[in-house]
Amino acid sequence: MTSATNTVQEPTPKRAKANKPTTTHWVGQQQSLIGRTAAYFGLLLCVLLIGMPVYWMISGAFKTPQEIYSIPPTWIPTQPTLASFPKAWNSAPFGRYYVNSFIVTLFGSGFEVFFAVTSAYAFAFLRFPGKRYVFLLLLAALMVPVQVTILPNYLTIARLGWINTFQGIVIPGASVAYGTFLLRQYYRTLPTEIMDAARVDGAGHIRTLTSVVVPLAKPAIVSFGLLSIVAKWNEFLWPLIVTNTKEMRVLPIGIYWLMVEEGTIDWGLVMAGTIFVVLPVLIVFLYAQRYIVDGIAAGAVKG
Amino acid sequence: MITAKEVRLMSTGSLQSKRASPAERREWLLFLLLVGPNILLFIIFTYWPLLYNGYLSFVRWDMLAPVKIWVGLDNYRFLFGQQEFRLILLNTLYFTIASVLLTIVLGLLMALLLNQSLRGRNTVRSIVFSPVMLSGAAIGIVWIYIFDPRYGLIDALLGFVGLNSPNWLLDSAWAMPAVIIVHVWKTIGYAVVIYLAGLQAIPRELYEAVVVDGGGAWSRFRAVTLPGLSPVVFFLILTTVLTSFQAFDIIKVMTNGGPVNATTTLVFYLYEEGFVAFNAGRAGVASVLLFGLMFVFTLVQMRYEDRNVHYA
Chain A
370 MTSATNTVQE PTPKRAKANK PTTTHWVGQQ QSLIGRTAAY FGLLLCVLLI GMPVYWMISG
430 AFKTPQEIYS IPPTWIPTQP TLASFPKAWN SAPFGRYYVN SFIVTLFGSG FEVFFAVTSA
490 YAFAFLRFPG KRYVFLLLLA ALMVPVQVTI LPNYLTIARL GWINTFQGIV IPGASVAYGT
550 FLLRQYYRTL PTEIMDAARV DGAGHIRTLT SVVVPLAKPA IVSFGLLSIV AKWNEFLWPL
610 IVTNTKEMRV LPIGIYWLMV EEGTIDWGLV MAGTIFVVLP VLIVFLYAQR YIVDGIAAGA
670 VKG
Chain B
8 MITAKEVRLM STGSLQSKRA SPAERREWLL FLLLVGPNIL LFIIFTYWPL LYNGYLSFVR
68 WDMLAPVKIW VGLDNYRFLF GQQEFRLILL NTLYFTIASV LLTIVLGLLM ALLLNQSLRG
128 RNTVRSIVFS PVMLSGAAIG IVWIYIFDPR YGLIDALLGF VGLNSPNWLL DSAWAMPAVI
188 IVHVWKTIGY AVVIYLAGLQ AIPRELYEAV VVDGGGAWSR FRAVTLPGLS PVVFFLILTT
248 VLTSFQAFDI IKVMTNGGPV NATTTLVFYL YEEGFVAFNA GRAGVASVLL FGLMFVFTLV
308 QMRYEDRNVH YA
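In the order they appear, the protein sequences are chains A and B.
Be aware that the first sequence starts at 370, since it is given in the working numbering, and climbs by one per residue.
Be aware that the second sequence starts at 8, since it is given in the working numbering, and climbs by one per residue.
What the hints contain is simulated information worked out from the structure, not anything from laboratory work.
Label pairs and their computed distance ranges (CB to CB): (1) B:Ala230 / A:Trp458: 52 to 60 Å; (2) B:Leu97 / A:Ala452: 43 to 51 Å; (3) B:Phe285 / A:Asp565: 54 to 62 Å; (4) A:Thr433 / B:Val267: 30 to 38 Å; (5) B:Gly79 / A:Tyr438: 51 to 59 Å; (6) B:Arg310 / A:Thr433: 55 to 63 Å; (7) B:Ala224 / A:Ala452: 47 to 55 Å; (8) A:Leu475 / B:Ala230: 45 to 53 Å; (9) A:Thr447 / B:Ile51: 51 to 59 Å.
Taking beta-carbon pairs under 10 Å as the criterion, some of the chain A residues facing chain B (in silico): (10) Gly404; (11) Leu524; (12) Val647.
Keep in mind the model is a prediction, meaning the values are calculated, not measured.
Every residue, glycine too, gets a C-beta built ideally from N, C-alpha and C.
Generate coordinates for the entire structure from the input sequences, incorporating the hints supplied.
Right under this line is the structure:
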């Protein structure tokens, strides 16, 4: 029963799981009109509770400064304007922030995916004395949050002369435990016949990894990759500490300083700035939602 | 994670031949090549800092001076004797307990709702999950605007019922509820996804059995849903406690720990002492405490789960 929650079990899992209409589990077959009305009211409440702040951000960005500071606040911008966006773009080097965030995310996630794909292969298919303990050593890292390591890591990075550099931002977070665990689980569900066939064909381990395992495990790799990209894009504490010039800031740090500097002077401008930060992630989410949700659900593999 | 069978296989595998064949050695080498860099980075940037934090907690050092002065337990004694630090521990407790309770209960309610076949369900699921994906810094800023007592959304909503908004972020009684609301708002979608996965895994026959016995919606929930979800609830309690311990972005952006330490949690204190006050010793103590708490909590959780949930 506990293993039933493991969504990375089947060799070719049905990715449509989250979208498959399921029968009503505990409400029963014949629902009363009142019950259904209450349920739809609940849905509406969820949308309002969770969606309203995002709406407030977007509507704020489209309001004129006069309207933003009107009492009581207006729900829909009466004279929607795009003026806040160029103002925000010019009030801080957002172009530079985008480039920095892109570089940090590309390399940060690139390392994580590479390490997860290769380490997981080693743990799933290669022999090594005491492999189990090496695996535990890796998994134990899950128990150590980034926050606990920031002070010593800052000193290490300073000694390497990497303060305010891309490698200083990326390298301390390049290793990966969660993704290794996730992919190892997935690899072990792959049909052994295919692996054996590759071996009979004379493929070595590296060939087997690149031409058999990676293509078969693509859904899991994509899921983990997307989770990693979102996490790197949003990372705040470490880049805040390890950078000290405007030119090296990533988007979350840039928007933080924009708020500190502009503060409550112009909320429209600040809201436009936050949209710059969250828009790429929202687009990725709209396109690849299923993979992201599956990746997260697969993390809860064991009861 | 590792089955007993696997361990047996592995141990017999390595004991069978006293001397490793060249092929086997090549496999070991490849293993090291594939796993080595990953593990090495963890040793340098995860395990070494744990040890070094321990050392720092026994010294006085401003992170600049060439020498670190060994002071023994002075840092610990100082902090635990200090009113302010006790407040910080209480804040951490307050933030964690409130966040976990709200997330576990509201998350379950939302998941039960979103597990029914309702029109528009998938869209609502996406909306509920979307804040998990968004930058905590950006979201914190949006919420400052929402909490604004004169131009904000909350004030507008309270206006409908004739109430005035408190001065959320500048009032030491309201600042903590405000950051808790934002933290729960941002992380609840994760709990909903995990709950939904758990609900899908409950065999339908169990519900049918209760229906045959003449049970209503409540007895289906009591007899099937709740026991079936128990492993999920435990997993979620563990993860939400850990994420609450680590909450930083929102606090840094929204209140900067204030007003007057009202929202300073252990993580925030660690950051302040290390990177604002340059007091490596006290930051070291905070790091040791934070890790100790997480470690103990994880162990207790794992033991409890082994005993009570696994066979439920």
